[in-house]
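*Asks:* Sequences are here, hints too, so could you generate the full structure?
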Amino acid sequence: MRSYKMKYVSGYLSIVIALFISSTGAENVVYGQVGGTVTLPVLKQGSERVLVQWYFGMNTQPLITRNAQGRETIDSQWKDRLSLSKTDFSLIINKIRLEDFKSFKCELKDFWPQQMTSVTTFRLSHVSVQPVSPLLVGKNLNLKCDIEEIFEGTQRRWLSPQKQDPNKDPRVQIGNDGSLTVMKVTGQDHGEWTCVVTYQSRETYFNTPVTVIDLSPAHSQPIYTSVSSFSRLHLPCSFSFPLPPSWSDSQENGIQGGRWTFTPSPAAGSLTGVVQTLVNLSPGPPLAWVVNQKRGLDVSALQKKNLNLSLSKKGVTVGDRGNYTCAVEFQRDDTLKRVMRVEVLQLLTSPVPVAFVGQEVNLTCTLGQPLTSDLEVKWIPPHHSILLPLGSSPHPTLLTIPEATYGDGGLWRCELWENKTKLTSVEITLKIERVPVDVWLLVTICAAAVIFVLLLILTVILIRRHRQGVMMPRRGKRRFCNCKDPTPKGFYRN
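With mature numbering (1 follows the signal peptide of the UniProt record, and there is no 0) applied, the sequence shown corresponds to residues -26 to -1, 1 to 468, in that order.
Wrong hints could be hidden among the right ones.
Distance windows between CB atoms, simulated [stated by the list, open to error]:
no.	residue 1	residue 2	range
1	Ser274	Asp307	28 to 34 Å
2	Asn114	Ser59	41 to 47 Å
3	Gln136	Gln174	26 to 32 Å
4	Pro105	Pro15	26 to 32 Å
5	Val8	Asp139	23 to 29 Å
6	Thr374	Arg145	53 to 59 Å
7	Pro15	Val106	31 to 37 Å
8	Asn336	Arg408	16 to 22 Å
9	Thr433	Asn336	49 to 55 Å
If you're looking for bench data, these hints aren't it; they were derived computationally from the structure.
Since we're looking at a predicted model, the values are computed, not measured.
Each residue gets a CB set at the ideal place from its N, CA and C atoms; glycine is no exception.
*Replies:* Pasting the structure below:
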């Protein structure tokens, strides 16, 4: 009986307090945003058999009603935008419209033990945070949190996308009028900024999205790969965040062009320092990539729909060493670019990959330039090499086999390491063959054989001539007439 009386007295006092607030004309201020959601709080009080009615402005017809049995009725004009809390009598308004920023009234009628009515009024005040257009990285961001009706004691503050106080950032300036300026935005400024409005210890949050256009960060270290016809060189370049639809075409403030360029390094061995344009982005519409250099480039990833600007290339040579630049151009001569350096590991042998038993062989693992202090190589010889064991790393970049054996033939692998991270590796197959017959000895033998044959032929010729001279008959000596008046032979007339 005593608990019953206490419950009755408690409910009665709650209703009396509510009536007192209503009769004094005091309104509970709640801040809201167009398109947002707001809750007008009314705690549960009195008995379980309470009629709840919510009114808007000066209307006499309730917006929503919940009878003592729990059945709800909603005005058709507010359907799908109003609901009552399941735990108390609070009104939840979704998809707030500009015309909703007026007064709301809640009437509670308790029918037991006798009919009593309490009234609570609310003032829905308009807060607006104007959206901003997408910003290129490095531009300035300006936001403002406007309150249509500022009641005494109302405070405003901002939260960054990381939900932190931006006042600690030296780039940020916040004014007393709710304005916020961020100098030279970065990718960290991308996301939802929040204006927090505090009134009577109740906080309301108003979000506005900020889009920062930037390319994904480039590799802080070079891209390491190795000489191989099977290696694939991947050059990543993409936007940090999805672009708004209005920026995907060549429109105002949109993409106006772009390109990939290549500057060979001295270790590339050709056209050092000469900038080569690999592909160009034609502004269109539609946007299209045009290949300028036939270097085995794969441009299939350069798709307009996702604006993935990455390049790839199958088959790597030392000519791929150098700096690659991905650049995208926008209106007003704004350009975003990323530069990445490519280092190619190469394994050289001297002599060529075919050596002879007993011959000295030099193997060089190189990037075309001296290694920095944080890089080292690790050699992995064939299992039967005479150089095993090599000892702990780091190993020398130049490896010498004093006298090659058949056990030194096979697969040699050189790995490039940075601290405990393997960056890349390169392989070569070394052939060890039997020492061939000396070429000069062979030439001497052949020359001697030719001379012998020539002498033999000459001897035969001389012998034949000698024989022919012996077989030929001798002719007699011719006699001459010693007469005083020699008369020639023949017939003469007297």
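*Asks:* Could you tell me whether the CB distance from Ser274 to Asp307 stays inside 28 to 34 Å?
*Replies:* holds, 30 Å
*Asks:* Quick check on a hinted range of 26 to 32 Å for Pro105 and Pro15, using CB atoms only.
*Replies:* holds, 29 Å
*Asks:* Look at the Cβ atoms of Asn114 and Ser59 and judge whether their distance stays inside 41 to 47 Å.
*Replies:* Since the Cβ atoms of Asn114 and Ser59 sit about 43 Å apart, the hinted range of 41 to 47 Å holds.
*Asks:* With respect to the beta-carbon atoms only, verify the hint that Pro15 and Val106 lie 31 to 37 Å apart.
*Replies:* holds, 32 Å
*Asks:* I want to verify a distance hint. Is the separation of the beta carbons of Asn336 and Arg408 within 16 to 22 Å?
*Replies:* holds, 21 Å
*Asks:* Starting from the hint 23 to 29 Å, judge whether the C-beta atoms of Val8 and Asp139 obey it.
*Replies:* holds, 26 Å
*Asks:* Is it true that the C-beta distance of Gln136 to Gln174 lies inside 26 to 32 Å, as the hint says?
*Replies:* Check passed, 28 Å falls within 26 to 32 Å.
*Asks:* Taking the Cβ atom of Thr433 and the Cβ atom of Asn336, is their distance within the range 49 to 55 Å?
*Replies:* holds, 53 Å
*Asks:* Verify the CB-CB distance for Thr374 and Arg145 against the hinted window 53 to 59 Å.
*Replies:* holds, 58 Å
Hint compliance for this structure: no hint is broken.
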